[in-house]
Structures are given as C-alpha cells and as structure tokens.
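Q: For the protein sequence lines, the chains are A and B, in the order given.
Taking our numbering, the leading residue of the first sequence gets 1, the next gets one more, and so forth.
Taking our numbering, the leading residue of the second sequence gets 1001, the next gets one more, and so forth.
Keep in mind that a hint or two might mislead.
As a list, the in silico SDA-like pairs of lysine to any residue whose alpha-carbon atoms are at most 20 Å apart [what the hints assert, rightly or not]:
| # | chain 1 | residue 1 | chain 2 | residue 2 |
| --- | --- | --- | --- | --- |
| 1 | A | K165 | A | Q97 |
| 2 | B | K1155 | B | D1137 |
| 3 | A | K17 | B | E1055 |
| 4 | B | K1060 | A | F12 |
| 5 | A | K165 | B | D1026 |
Simulated from the structure, these hints should not be mistaken for lab results.
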Amino acid sequence: MIKKSLCNEEDFNEFYKSNIQFITNFSHYKSGDKDTALDLIQEVFLKMWEKCSEISYDKAKSYLFTSVNNLFLNNLKHEKVVLNYAKNSPYIDINNQSPEYLLEEEEFKHKLKKAIEDLTEAEREVFLMNRIDGKKYREIAELLNISQKAVEKRMSSALKKLRSKIDLL
Amino acid sequence: MKDEKYILKWLNGEISEEELSLLKQDSNFKNLEKIAHYSSQIETPTIDVNKAFKEFELKKATTTKKGKVVSFNYKRFYQYAATIVVLLVSSYFLFFNGATNYNTQFAETKTFNLPDDSEVILNANSTISFNKKKWEDSRYLQLKGEAYFKVKKGKTFTVHTSIGKVTVLGTQFNVKERANYFEVKTFEGLVSVQYKDALVKLAKGKMFKVINGKIDTLNTFNLTNKSWLQKESNFKSVPLQLVLNELQNQYDYTVKTKDINLEQLYTGGFTHSDINVALQAITIPLQLSYKIEGKIITIYKYDK
C-alpha cells in the first residue's frame, strides 16, 4: 500500500527517466529549439524535486507539462520553428521504388513539413503529440490541463490547415 | 467535412472497421493517410536518458546543498509523534494498571488465588476482574456469573455484580449472578448482601435469592452440598427458564422449548458431567420430554 511520492528518490528517478524524452519532444514541438530546451527542462525537474512534498505523484506529469508550457509563455522568444524528418523513414508504399513515386512523395513531405511549421503552437503541439508520441486526446487533455473537446478542436483545425495547404501548393 | 468526426477517431486509433471503410471512400483519404504517415516521421531530439539523468543529478547536488529541506514534512511528523504518544499512554493504562481478568467458557471451571491468597472457584461462563495493584488497599472485585469464594480474614472483601453487592470480612460464600437471577449462599461466617437499598446480613447456612427483581431471604440450604463445585447445579423453587439458562452455561448446547410453562418452579439439581442424566433430572419431575439433535435440545410436553 505504499503510495508513490516524488520525495522518494527512487520514485522520482523513475518519473524522470520515463518522462524526459516525451517532455523534450513537447518542447521541441513548441519551439523547434533543441539546445536550450533540455537545460530548461532540467530546471523544471529540479524545481519539482525541491517542491516534491507539494506535488502529488498522480499529478506530477501534468505539473511537468504545465511548468514547461508556462516557461515558454513567459520566457522564450518564439523563433520560426524548423522541423526535419527522421532519416531513413519509410515511404507509405515501401514496394514502389519508381523514381516518379519517390519524387512525388518527397514533394509531399516537403509541403507537409512547411505546413506543420506554419501551424500555431497550440495546434502543432497537440497534433504532433498525437502523431509522434501516439498519445490519445484524453491524455493530451490531461497533460495540458484543457478539455478533451479543446484537444479535438485543435486537431481539427490543424488538419484543415494542413489539407488546404497541401492541396494549394 | 461530415467525415471529420471519423477522421479524428481514426487518428486517435478508435475507429471501427465500418467507419474506416466509409472514410476510405472519400477521395481525399489518400492525402489524409499521407499526412498521418509522414507527420509521424518528423524528427525529435534524441535524448540519451542516462546522460541527461547524470547531468541532472550533478545539478541537483550543486544547487541543493542545503539538503532536502522541503521533503521534511512537518504535518507527517506531528502525525507520527501524536500516534506514538497515544500508543504509549494507552499501553501504560492497558498494561500497567494491574487490571486482572479471569474468565471461563461454557462447561469450564477455574480455580485461582487472589493476591491475598483468598480462594476463588469460577463457574462456567463467568468473568472476574480486579485490580492487582490496589488489592492491598481494597479487596474489591467485579463478578459476572457465578463463583465460590473462600476469603482470608482481613479488610472488607467486596464482590460487585450488576445486580447487587456482597461484602464480607472473612468467610466462605457463593455468589451467582445470571440474567434476572442473583443468589448468595453463606457457607461460613457472616456475609452482608446489598441489593438496591436493602442490606441483608446472611448467616451461615442461609441463602439470599433475587429472581426477576423479587427478593427471597427465607431460604436455607444444605451446607455440605456445594453443588456446582461437585459438578452439579442445585435449585430450590426456581423458574424453569433460569434452570435452562444455567444448563446452557454448563453444557455447550442451545435449549429450545415447545408449549411449556417456563414460569413453573423447579426444585432439584442436575449434574455437569452427562447431558442426558442432567436433562432427565430436569424433565422427569416436571413431566416433560426432550430430544437432542446435534447441538440443539428441544424440550416439550410429555405425551402418553
């Protein structure tokens, strides 16, 4: 019946290790900046360690995301987000190796990337948390302290923008 | 855009086969699929978890030199402190106040000595409690049930029951307190019995009885007959109900009755060693019959 607590070093370390990648991704979706992001995130974890007794373990994840979110609200200048594709990522039709197909797909990817970069921060973070981290709307809503409906709205508007931009170009 | 709901479901991995096939009919679905596919391939910074954690540990060590002050939870500390105090205090009262208890189960008797070497024989289903520490100042004990006392001479010796109080100096007597029944027999010396406002001096060979609130003081009994100490119970003009209650105390059986007058008076006794002999001793004089089924005894009118 031992409840997990952030003040317990083992529990805290487990919390750190299981969330560090995800929270870094999150900050990347927001700013596209890799280097300063990790430092900031370390600061947030440190603060959580110091305040461990005030944060219940169940709410810790939500607290982490809210803190990073607030940091971006307060401190960071928003530069133009630059995204990249992971290397060696497969095309949709892995059997089709014709040059025409490959060219077509590359062009599509380029358009998509630009369109995602142009999304608002709110749309982009929700959309990519769903696409890349495979999070359900409910989880995203919990982490960002918003309603599931709001998450769905952001997804919708993100999709709408992406589709219209791809069709246009 | 009526498909929007389905699209959202699809991206959330919650779409059903049926809805998906509907969605696939849409001419735009190919593009949508591509968006979903390629957007998930966007690169994220790869974190070396262990390396990041080491850096974090280092940061923690340098910035929190003052120690983990926050993690000391005062509220919790007071909770523990209060709990310990409560435990200590209550255990002191529980274990060091000298309270002593003796009790017997059904069909069990117990013989023991009080701190002043007075002798007590405790009958079945009875409890005696007294304070060992205060025994020298006041010989006072609580009795529930029936007990025989052989009291050493000394200060006043008091037996307290829920029905009445018995006070002596040094004698031998028997106190019996069962539901609606209170009985004191003096075997030696003089015993004073206090029942409500009445104070009765009971001489050797006399017996004091209260049945359902009615006092009966004119009884004598056979001095040589210490009944239950010799493994039997004796009664003189006692309602049948009380006799049966005592039977249940001595034997681990449940007694049920059928169409019989429980108020009729019974004089006689029953043994503690054989349930059949005991039941016969009760039923035959009153012209009743009985049967035993498992742990249940049924007593009914004897039919010819």
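Q: All hints, please: hold or fail.
A: Against the structure, the hints come out as follows:
1. K165/A / Q97/A: Given that 20 Å is the threshold and the Cα spacing comes to 26 Å, the pair is violated.
2. K1155/B / D1137/B: Satisfied, since the Cα-Cα distance of roughly 8 Å is no more than 20 Å.
3. K17/A / E1055/B: 12 Å, holds
4. K1060/B / F12/A: Given pair K1060/B, F12/A holds - Cα atoms ~12 Å apart, limit 20 Å.
5. K165/A / D1026/B: 18 Å, holds
Hint violations for this structure: number 1 only, all remaining hints satisfied.
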